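Q: Make a model of the complete structure from these sequences and hints.
Residues 1 to 75 in my numbering are what the sequence shown lists, from first letter to last.
Heads up, some of the hints might be wrong.
[Said to hold, decoys possible] Straight-line C-alpha distance at most 25 angstroms; calculated SDA-like pairs for lysine to any residue:
#1 Lys20 x Leu32
#2 Lys40 x Asn19
#3 Lys42 x Gly18
#4 Lys42 x Leu25
#5 Lys42 x Pro15
#6 Lys60 x Tyr8
#7 Lys60 x Pro35
#8 Lys27 x Gly51
#9 Lys42 x Thr21
#10 Lys60 x Glu44
#11 Lys60 x Glu7
Hints are computed from structural coordinates only; laboratory data are not their basis.
Please read all numbers here as calculations on a predicted model, not as lab measurements.
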Amino acid sequence: MNKDEMEYQKWVYCPVCGNKTRVRLRKDTVLLHFPLFCPKCKKESLIDAEGFTVRLIGCKSMQKKLPVASPVDEK
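A: Below, the structure is given as structure tokens:
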């Protein structure tokens, strides 16, 4: 791979731990609601990407667990 090809592709980094993932972007890549998995921290993030710009939509590790409402006794 020569220098021009290297500048045409870039690695996607994990938004949680900052390590490289197994996904590379090209300049003409467009991703919408892409589930990005990090093999290092084992977290999945939802991203949008266009060109070399990546935007985080959501991450399972950042979601707070909401309490489940208990059923109301009807008498």
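Q: If any of the earlier hints don't hold here, list their numbers in rising order.
A: 6 and 11
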